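Chemist: Read off the chains here:
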Amino acid sequence: MKKISIHYLVVLCSMTLVFSACKKTVLDVETTIPISTLDDYYQNETEAVKAVNAAYTPLSAIYNGSAWHLGDIMSDDADLGGGGGGDGTETAELDNFSVTSFNPVINLMWAQCYFGILRANLVVVKVPQVPVMSDAVRKRSIGEGKYLRALYYYHLVRLFGDVPLYTNVIDVEQAATIARSPKALVYEQIIADLKAADTLLPNTNTGSNKGRATAGASKGLLAAVYLTLGDKTNAALYSKEVIDNASSYGYELWADYGDNFKLENENGKESMFEVQYRSGGGQFNDYGAGQKLNCFFAPRFQDVVQSRGYGWNVPTKDFADSYDKSGATYNTIIDKRRNRSMWIPGDTYDTYTHPTQLVGSPLGLNVKKYFVSIDNTLGDNGGWTCALNVPIMRYSEVLLTYAEAAGISLGKTYADQVRARAGLTPLQPSLSDAQYLEAIYNERRHEFAFEMHRWYDLLRHPNPNYYIDVMRASGKTNIQEKHRYMPIPQNEIDKNANLTQNTGY
Amino acid sequence: MRLKQAILFAVILLFGAVNVTFAQVKISGKVKSKVTGEGLSGATILLKGTTLSSVTDVKGEFTISAPEKGGTLTISYAGMKTVDVKVTNQTKILEITLDETIGNEVVVVGYGTKKRKDLSTSVSSVSAKEINATPVADAAQALQGRVSGVTITQNSGAPGGTGGTRIRIRGISSITGTNNPLIVVDGYPLPDQNADNVLNSFGTGDIESIDVLKDAAAASIYGQRASNGVIMITTKRGKPGKASITVDIYRGLQQAWQLPNMLNAKEYAILNSEARIASGLSPIPKLADYDAVETQFGKGTNWLNEIFRRASMQSVNLTATGGSDKAQYLFSAGYFLQDGIIYKTDAERFNLRFNGDVKVNDHIKIGNSISMNKFIEHGTDTYSPFNSVILLGLMAPPTVSARNEDGTYAGGNGSVDGFSEPNPIYNLEVPRNKYTKYRVNGNVFAEISFLKDFKFKALFGADFSYQEINNYSPATPASGGNVFNLTNYSVQKGLYPDYLSELTLAYDKKINEKHKINAVVGYTYQENKYDYVVAGRGGNFTQNIPVLNDQVFLPTDVSQTYNAAESGVNKRALSYFGRVNYDFDGRGFFGFSIRRDGTSNFAPGNKYATFPSVSAAWRLSQEPFLRNVKWIDELKVRSSFGYTGNPDVTGNAYIQSINQSFQYTFGNSSGSGGTVLGAAPSKTYNPNIRWEKNEQFNFGVDGSFFSGKLNASVDLYQRRSIDLILYVAPPLISGTYEAVPFNTGIMRNRGIDLTLSGKVINTNNLKWNINTVLGTYKNKVVSMGLSAPINNGFARITGGSKRIEAGYPVEYFYGFVTEGIFQSYEEISNHASQAPGIDPTTSTAPGDLKFKDLNGDGIINDQDRTNIGNFNPTFTYGITNTVSYKNLEITFFLQGSEGNKILNFTRWYTEGGVSNGNYSKDVIGRWTAPGTSNTMPRLALNDPNGNNRVSDRFVEDGSYIRMKNVRIAYNLPAKWVANKVMKKAQIYVSAQNLFTITNYSGMDPEVGGGIDIGFYPQSRTFIAGATIEF
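One line per chain: the protein sequences are A and B, in this order.
For the first sequence, the working numbering assigns the number 1 to the initial residue and increments by one for each residue that follows.
For the second sequence, the working numbering assigns the number 506 to the initial residue and increments by one for each residue that follows.
It should be emphasised that the hints constitute simulated quantities derived from the structure, not laboratory data.
Fair warning: this is a prediction, and the values are worked out from it, not measured in the lab.
Some hints here could point you the wrong way.
[To be verified] Covered, in the sense of this in silico footprint (three residues per stretch, anywhere, with C-beta under 8 Å from a C-beta of chain B), are these stretches of chain A:
no.: 1; segment: 342-350
no.: 2; segment: 475-481
[What the hints assert, rightly or not] Here are the simulated SDA-like cross-link-like pairs (lysine to any residue), alpha carbons at most 25 Å apart as the crow flies:
no.: 3; chain 1: B; residue 1: K791; chain 2: A; residue 2: A420
no.: 4; chain 1: B; residue 1: K1076; chain 2: A; residue 2: G423
no.: 5; chain 1: B; residue 1: K1076; chain 2: A; residue 2: T32
no.: 6; chain 1: A; residue 1: K262; chain 2: A; residue 2: T32
no.: 7; chain 1: B; residue 1: K791; chain 2: A; residue 2: Q357
no.: 8; chain 1: B; residue 1: K1076; chain 2: A; residue 2: P355
no.: 9; chain 1: B; residue 1: K879; chain 2: B; residue 2: A967
no.: 10; chain 1: A; residue 1: K476; chain 2: B; residue 2: A967
no.: 11; chain 1: A; residue 1: K50; chain 2: B; residue 2: T1346
no.: 12; chain 1: B; residue 1: K791; chain 2: A; residue 2: K50
no.: 13; chain 1: B; residue 1: K535; chain 2: B; residue 2: T1346
no.: 14; chain 1: A; residue 1: K50; chain 2: B; residue 2: F1535
no.: 15; chain 1: A; residue 1: K336; chain 2: A; residue 2: A420
no.: 16; chain 1: A; residue 1: K476; chain 2: B; residue 2: T1346
For each residue, glycine too, the CB sits at the ideal point set by N, CA and C.
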């Protein structure tokens, strides 16, 4: 009997051993869909280009969900329309300068910029080491990484002031301890990146690469950055370089201002850099492939666009009135850009006549710039996914940057080019420097109406209180000095003890 | 299995019992119950060592042929002590009296069984009789109100139980992982599959018993996945004796028991116009003249009558058992067909089972359990907050009809009706949704006894389930909103192969009659896979059949898509376990168990975890000081402490992966072209992620008093989930956004389970038994660790409606507190600012709800939200009454829940402010002028004040008491069935959900998770059936 029992036990033990011997491998399973990790990706050109593409992605969300709330609605150009009540409280907070550190629009900008920065950093760090890829694509890719990184930091530094600055890949612990760097250092990095990108990027892209960053885009942005910093010399230097080499970049003004905002003219001759959107998907969020401005800006519930139209971004009366006109009201505006930028009562499209008032728009004013009509199902097939690109920089901006930076004697002729296209007469040569600056500001306001520049123009004015004065004059008495910078998102401060809040929040 | 044994096995299966002949003598007798003195029908009489057996008839009488030399008869009857009687050739007539067992019933525990009186852990049991009393599609539904401490909520009344039945044992243990208990069918732990309807593919008629392992000491032997308790399902097996065939057949009628009252055409025209004018819009022209609306439409379309119907259900179950003492078998086949009370929905199930046991010799026993099921559901969307047909039916205006006069589909037309949601009748009739599931679950085992005290068991099993989802919506001409102009077809095919191998060695030893030791050690390995392929197409069909192939589809347009994807999950688990029980003199019981589990879910260093438990019990009734107390039959105190685990986390959380699904667009794309893919990390990683652990303390008392007239059992417990896995959102500066799991939270459940059963009347002819179970628990999130509070809930309102936060019950309702209605502008100006302004079409106006300024900052915003209730009941209960008089048996079963709150978002859709859809009748009592209402706000289509935000306006008391089941059964008198063919026959009628007492205003107070958006309501069902034994 004993023997039998030992026999059984031996069998049992050996069976257990057989199974346990393989336990090391048994619990390491293959995933059904292969997973790439940070360490084993970036092996060839395809993977490198995909890494670059990912760095562009945040642009879609920034221009869908944040840039216009900050650049236009917060400024004196537009107010929140919509359905009233709880509709768009986060935007109302910005419009009325009651913004808190919980604001989701601010949070979106912060988040998406850092997503772009990490991805651009990965491109700059990893692409030089990719074993198999062509030199041309490698060069271009690194240039795109640097350009995009600069663009994202430029958004952050203007909006928040000092921000955490990093150019490598950081882990979650570093992200939870990193502190803010002074603005000056951030601008230093932006300038260094743009100067480098200028040498790495091609002058033009063709075919399926249209829409990628170019040397012209980089140089134009560099000029804009210098203008923001008040460095007129360098702003003039780089904007002039773009103007002088316009033909090699392929830049030229469209004869008709409105041609800039047509689906068929995307990445056209005046375009320097724009957010690339496409229709399709039909999703209702900020993160889709398409643009939601068409639906959000169109007259509320008038069904001239897909998904009804929400009328969220409503031009102020002051802005509509500020266009050059022959009479007393905006019914007789002669500036050709008005009709392409905004709806006023009586405007028609097909069988639609724009009414004198709408829910959220008591004066019947609405934004028209990104309008793609409901019957163009190719350009917008529902949801919040319009195909129309949104300009980040147009050639006319470089002209106006130079016009402003170079002063009236050298610059006026470039401002007049922009004015001529709008059907306006040249500026008076007799303007004082202050009057000339005011004229350029006015020009930019109309040229870039609803292109999300206005708030930042108010901030960078030589008069440090300019934004306060303008906003007070437009009835926004809540504005204070602290609003030069927006609050750092509270959930970020909660996760990082070294992250300080801006004054006043 | 060796060939010889296999053949033997097959022969036994084919021919049933093997007949052996001896020289014989006839013995007849009667088996009686000691308690009632009545004859027991269906008792088994077996001549030991042979296959000779007999079963008593309705009077309890039997005859059996015994060999001349005599032998031993074994008389057994469920619930009674088994008796051996020696017979000689002198014996002619026997009278045998059986005594009821108390605490002697056998309870299934992990890797073994135990007598209830010897238990030191907390285990509740439900018998086949209770399970089959209610005609349910899913065995989990039969547990409702039967087991204390188990909260069962039927999520939906969808046919076939497809809407799922939530089983929560002793509260909620995990926030991000599963809260479903581990379900073990005949020793096979079923994969979780993240669904509430795991059991609905199994035939309920096959179940012999369900045992619920509640405390950690009972469950921790299943360490892995046992943190939510374990449900042990034991299916019926063959018994020695003559072959018997039982047929159970029933048929029933179901109907909705409560539907909301909606406005008729004229009322709707009046209220909708009022809502539009209040938001600065003109009335819809079609509705502007109220009397004309009445003339044209009469009362209008009653959409709910169009959607709901009376529906039938039927079930047939056939079971054949038999065998000798060497081999026993059970075959069963069942068919179940249930039409839903929503038009066009139905479910059907076909199930087969074969369980066999063979004693190969004195040492070796082999056996198997195998079930094969087919389940088909034709369903519809009754659960989504956007396109549920119930919501569409509630909202569709009465001035819109389902069909045009020519028979084509009508429906809301945006430009005429201001309402363009899909036509629910179209959605029910045209798209064809089919869900098919095939499942084979089975195991084979061999048990080898050796050295007298040892038993080795090897069990190998597999669970293959194949699931297919077909959605086909052919282009069908229709007017009205959102019709499908293109045909769409999608199909998903998924395979879930799951394997188990398990080896156990048990040791049973009795020393000096006083010391009993029982020990088991084991090893188990389980592999869990899930693979699916999904593909879909949209476009113009050339043929009207749902197929993906090009020959059928003729794509002509860019919006016609072709999509295909595949994915899946691979998981493995490897475990070792051991348990020792020591029984001292039938008085003291001690248990210790330990399990070491490994799972593929975690990083190499963290794969394994150990789950120990200890338990002890003392039978006080065996002590001298209680032994002479007459009224106490049995009194036992027990206590336990132990750990269980939950490894439910996204696989590969410990590596930093690249997300390759980013998209951007390049090129000249003025349409949908130009997509490029991007790749970047979207999450960081946590290399230290490991098991969620659950520690549980239990103290219980079991007692039986007054000669078994009163039985009571009470358990007090505390469960603490520690190392709770929470997904922590990274700082966005990291450039990533996906939350990463960390073991960082703590949650606690404390509660009491109580079971009371009594024999109120116990005479020969009349008996009345009451069985009551009651469970109560308090849940609290103790700590969220690194994680911020989590908001989730209702998809139609951003910002969430439920919140998980330290210091509160999990998923409490998070919203605003109302303080009545503003009656004047003066009140508005004295109140914190809500939607400031003077224009009532865009700002707060009299008639709007007043929200409480909780932080006192003068502004009503998201910071003014708070705890406005939660779905955890104060207690749940079930009361079963069984009254029998002679051949008649009446059972009524009450089930209820007390103190749970429901966030009734059905009203979000039907009380205005959302669309031009219809309104509930309650809206007639809305605010129209000062003093007219302080609860129902003014109507305004665009809801400028946000009256529809998440607030206590929608929180209702969800308490209910429900007559879950009434059943009247009649056993046909012996003389009617006393022919050679039938042994027994019973006919019965029953009613489910006969009445429900509740203050809840929605369609059904049983709402899993506490948020009601008008889910598929349970039906009231009337059944008539018969059980016949041949």
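Chemist: Hint by hint, note whether the structure agrees.
Modeler: Structure-based check of each hint:
By the rule of at least three residues with a Cβ nearer than 8 Å to a Cβ of chain B, the coverage given for the segment 342-350 of chain A is violated, with 0 such residues. Residue count for the segment 475-481 of chain A with a Cβ under 8 Å from a Cβ of chain B: 0. That is fewer than the three needed, and the coverage hint is violated. Restraint check for K791 (chain B) and A420 (chain A): not satisfied, since their Cα atoms lie roughly 51 Å apart, outside the 25 Å limit. A distance of roughly 70 Å separates the Cα atoms of K1076 (chain B) and G423 (chain A); the hinted pair therefore is violated under the 25 Å criterion.
Between K1076 (chain B) and T32 (chain A), the direct Cα distance comes to roughly 11 Å. Compliance with the 25 Å bound is thereby established for this hinted pair. About 44 Å separates the Cα atoms of K262 (chain A) and T32 (chain A), which puts this hinted pair outside 25 Å; it is violated. A threshold of 25 Å between alpha carbons decides the hint, and for K791 (chain B) with Q357 (chain A) the separation of about 23 Å falls inside it, so the pair holds. A distance of roughly 62 Å separates the Cα atoms of K1076 (chain B) and P355 (chain A); the hinted pair therefore is violated under the 25 Å criterion.
For the suggested pair K879 (chain B) and A967 (chain B), the alpha carbons sit about 17 Å apart, so the restraint of at most 25 Å is met. As the CA atoms of K476 (chain A) and A967 (chain B) are separated by approximately 71 Å, the hinted pair breaks the 25 Å bound. With a C-alpha separation of about 49 Å, the suggested pairing of K50 (chain A) with T1346 (chain B) is violated against the 25 Å cut-off. This hinted pair does not check out: K791 (chain B) and K50 (chain A) have alpha carbons roughly 55 Å apart, beyond 25 Å.
Between the alpha carbons of K535 (chain B) and T1346 (chain B) the distance comes to roughly 86 Å, so the proposed pair goes past 25 Å and is violated. Taken as a hint, the K50 (chain A) and F1535 (chain B) pair is broken in the structure, with Cα atoms around 72 Å apart against an allowance of 25 Å. Restraint check: the Cα-Cα separation between K336 (chain A) and A420 (chain A) comes to about 10 Å, which is no more than 25 Å; the hinted pair holds. Between K476 (chain A) and T1346 (chain B) the alpha-carbon distance is near 23 Å, which keeps this suggested pair within the 25 Å criterion.
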